[in-house]
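Visitor: Now for the letters of each chain:
Protein chains: 2
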Amino acid sequence: MPKETLLPILFHLFRQHGYDGVSVSKISAATKLGKASLYHHFPGGKAEMLTATLSYSQQWFEENILQVLASEGAALDRFQQMCDRLSELYSAGEQPCLLATLTVGQAHSVFHESVKRRLEGFLAAIAHVLSEAGLPSALAQQRAEDAIIALQGALILSRGLDSSAPFIREMAQLTEKLCEKISG
Amino acid sequence: MPKETLLPILFHLFRQHGYDGVSVSKISAATKLGKASLYHHFPGGKAEMLTATLSYSQQWFEENILQVLASEGAALDRFQQMCDRLSELYSAGEQPCLLATLTVGQAHSVFHESVKRRLEGFLAAIAHVLSEAGLPSALAQQRAEDAIIALQGALILSRGLDSSAPFIREMAQLTEKLCEKISG
DNA sequence: GTCTATATTAAGATAGAC
DNA sequence: GTCTATCTTAATATAGAC
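Protein sequences appear in the order of chains A and S. Following the numbering used here, the numbering of the first sequence begins with 1066 at its first residue and continues without gaps. Following the numbering used here, the numbering of the second sequence begins with 1066 at its first residue and continues without gaps.
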């Protein structure tokens, strides 16, 4: 079994159950691979499985979110595309964020630096678009933080209420919030 | 050992590590009580320990947040007090939200209804203040959702970045965001 | 109410055959 | 690369003494 089919399964497990909530036995059941096979692919065990999952998720993020933010076109269009991709990534708020699940438990101490770097990269990418559009860099930075806060908060609320509505509404408002008074 | 001293320890453990990340052995170490003693207090095991922790947290929430929101005084003052209590509860963004940690893993399936009820109660309390202040109820509901989204998102971002700054900034802005154009 | 001791099941991980 | 079988440790949980 190639890693390209393995990693989406790992991604799904880790984001849904968190690092502490996933056992190698569960992974074995979900992938229909024996434990020994899993350890063949990932000699470092569960930690390496999450590391590989983070790389996989990072790659998706670069190819879908960061690439869109760095593309040509108006800021408004780029943010709109970003929202569409985010909605896809999180299944309109039904699926949790992998990075957010890693902020608690054992993962927090072990993978904290990776999470921090990922968030900072996302923040910088959003702020860069806003700076390009003419916003002062301090304000651009603040608004980028507000965007990620809105995204993460909407994911928690939607999942907690078991309703996509808050996430969908937040994604619909996000672009205009980001672009507000840009050319004012 | 009385439960009044036990529950704050449980609360701290569960919010930091999530349900799956806490073992009875860890609880035993943290409380300096033998496992058998813990099962004496909570015959239902770890699940009952979390149930009791949720009740404890609910009580704190009623006495501190809901009470303040239901008090006399201007909406602006009540929200300001709410923000102060929230900042205390989450140690300015250093501590995770218990309810948020329960949206993943095993806890999600078992405790989802409790989490949902708690969020709905919080939403209703905020929306009620806004309605009293003259906001149409649909808008009041939306703004209440935005407040919880801001709170939860700020907690994730602050913890992910290992910085209180986003949480502190968000709490500082929250009251005016909630009261915007109330008497316009 | 708390303890020691223990039963039972599941977890993380490896050896070695195919 | 995948399997069966196995090891070791940790998990949940209980029995019974004090």
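Simulated from the structure, these hints should not be mistaken for laboratory data. One or more of the hints may lead you astray.
Derived DSS-like pairs (lysine-lysine); straight-line CA-CA distance at most 27 Å [stated by the list, open to error]:
id, chain 1, residue 1, chain 2, residue 2
1, S, Lys1100, S, Lys1181
2, S, Lys1181, S, Lys1097
3, A, Lys1111, A, Lys1097
4, S, Lys1100, S, Lys1068
5, A, Lys1097, A, Lys1181
6, A, Lys1246, S, Lys1181
7, A, Lys1091, A, Lys1111
8, S, Lys1091, A, Lys1091
9, A, Lys1111, S, Lys1242
10, S, Lys1068, A, Lys1111
11, S, Lys1068, S, Lys1246
12, S, Lys1091, A, Lys1242
13, A, Lys1068, A, Lys1242
14, A, Lys1100, A, Lys1068
15, S, Lys1068, S, Lys1097
16, S, Lys1097, S, Lys1111
17, A, Lys1097, A, Lys1068
18, S, Lys1091, S, Lys1068
19, A, Lys1111, A, Lys1068
20, S, Lys1111, S, Lys1091
21, A, Lys1091, S, Lys1111
22, S, Lys1097, A, Lys1246
23, A, Lys1242, S, Lys1097
24, S, Lys1111, S, Lys1100
Examples of chain S residues toward chain A, derived with CB under 8 Å [to be verified]:
id, residue
25, Glu1069
26, His1077
27, Ile1092
28, Ala1095
29, Lys1097
30, Leu1164
31, Ser1179
32, Glu1197
33, Ile1213
34, Leu1222
35, Ala1237
36, Leu1239
Restraint-style ranges between C-beta atoms, simulated for each label pair [claimed, not checked]:
id, chain 1, residue 1, chain 2, residue 2, range
37, A, Lys1242, S, Gln1123, 29 to 39 Å
38, S, Glu1113, A, Ala1112, 25 to 35 Å
39, A, Lys1246, S, Glu1153, 44 to 54 Å
40, A, Val1175, S, Gly1138, 22 to 32 Å
Every residue gets a Cβ at the ideal spot worked out from N, C-alpha and C, and that includes glycine.
Visitor: All hints are to be evaluated individually against the structure, with a verdict given for each.
Guide: Here's how the hints hold up against the structure:
1. S:Lys1100 <-> S:Lys1181: Violated, at about 31 Å.
2. S:Lys1181 <-> S:Lys1097: violated (33 Å)
3. A:Lys1111 <-> A:Lys1097: holds (16 Å)
4. S:Lys1100 <-> S:Lys1068: holds (15 Å)
5. A:Lys1097 <-> A:Lys1181: violated (33 Å)
6. A:Lys1246 <-> S:Lys1181: Roughly 36 Å separates the two Cα atoms, so the pair is violated.
7. A:Lys1091 <-> A:Lys1111: holds (11 Å)
8. S:Lys1091 <-> A:Lys1091: holds (23 Å)
9. A:Lys1111 <-> S:Lys1242: It is violated: about 43 Å lies between the C-alpha atoms, which goes past 27 Å.
10. S:Lys1068 <-> A:Lys1111: Violated, at about 36 Å.
11. S:Lys1068 <-> S:Lys1246: Not OK: Lys1068 of chain S and Lys1246 of chain S at ~46 Å, beyond 27 Å, violated.
12. S:Lys1091 <-> A:Lys1242: Violated, because 44 Å separates the two Cα atoms, which is more than 27 Å.
13. A:Lys1068 <-> A:Lys1242: violated (39 Å)
14. A:Lys1100 <-> A:Lys1068: holds (15 Å)
15. S:Lys1068 <-> S:Lys1097: holds (13 Å)
16. S:Lys1097 <-> S:Lys1111: holds (16 Å)
17. A:Lys1097 <-> A:Lys1068: Since the Cα atoms of Lys1097 of chain A and Lys1068 of chain A sit roughly 13 Å apart, the hinted pair holds (cutoff 27 Å).
18. S:Lys1091 <-> S:Lys1068: Between Lys1091 of chain S and Lys1068 of chain S the Cα gap is close to 17 Å, so the pair holds against 27 Å.
19. A:Lys1111 <-> A:Lys1068: holds (15 Å)
20. S:Lys1111 <-> S:Lys1091: The given pair, whose Cα atoms are some 11 Å apart, holds under the 27 Å limit.
21. A:Lys1091 <-> S:Lys1111: holds (21 Å)
22. S:Lys1097 <-> A:Lys1246: Given pair Lys1097 of chain S, Lys1246 of chain A is violated - Cα atoms ~57 Å apart, limit 27 Å.
23. A:Lys1242 <-> S:Lys1097: violated (50 Å)
24. S:Lys1111 <-> S:Lys1100: holds (11 Å)
25. Glu1069: violated (25 Å)
26. His1077: It is violated, given that the least Cβ distance between His1077 of chain S and chain A is near 12 Å, above 8 Å.
27. Ile1092: violated (14 Å)
28. Ala1095: violated (15 Å)
29. Lys1097: Check failed: Cβ of Lys1097 of chain S comes no nearer than 22 Å to chain A, outside 8 Å.
30. Leu1164: holds (6 Å)
31. Ser1179: With a closest approach of 10 Å, the Ser1179 of chain S hint is violated.
32. Glu1197: violated (23 Å)
33. Ile1213: This interface hint holds because 6 Å falls under the 8 Å limit.
34. Leu1222: holds (5 Å)
35. Ala1237: Status violated, d = 12 Å.
36. Leu1239: With a closest approach of 11 Å, the Leu1239 of chain S hint is violated.
37. A:Lys1242 <-> S:Gln1123: 29 to 39 Å: Holds, at about 33 Å.
38. S:Glu1113 <-> A:Ala1112: 25 to 35 Å: Between Glu1113 of chain S and Ala1112 of chain A, where Cβ atoms are some 31 Å apart, the hint holds.
39. A:Lys1246 <-> S:Glu1153: 44 to 54 Å: violated (34 Å)
40. A:Val1175 <-> S:Gly1138: 22 to 32 Å: With a Cβ separation near 46 Å, Val1175 of chain A and Gly1138 of chain S fall outside 22 to 32 Å, so the hint is violated.
Checked against the numbered hints above, the structure violates hints 1, 2, 5, 6, 9, 10, 11, 12, 13, 22, 23, 25, 26, 27, 28, 29, 31, 32, 35, 36, 39 and 40; every other hint is satisfied.
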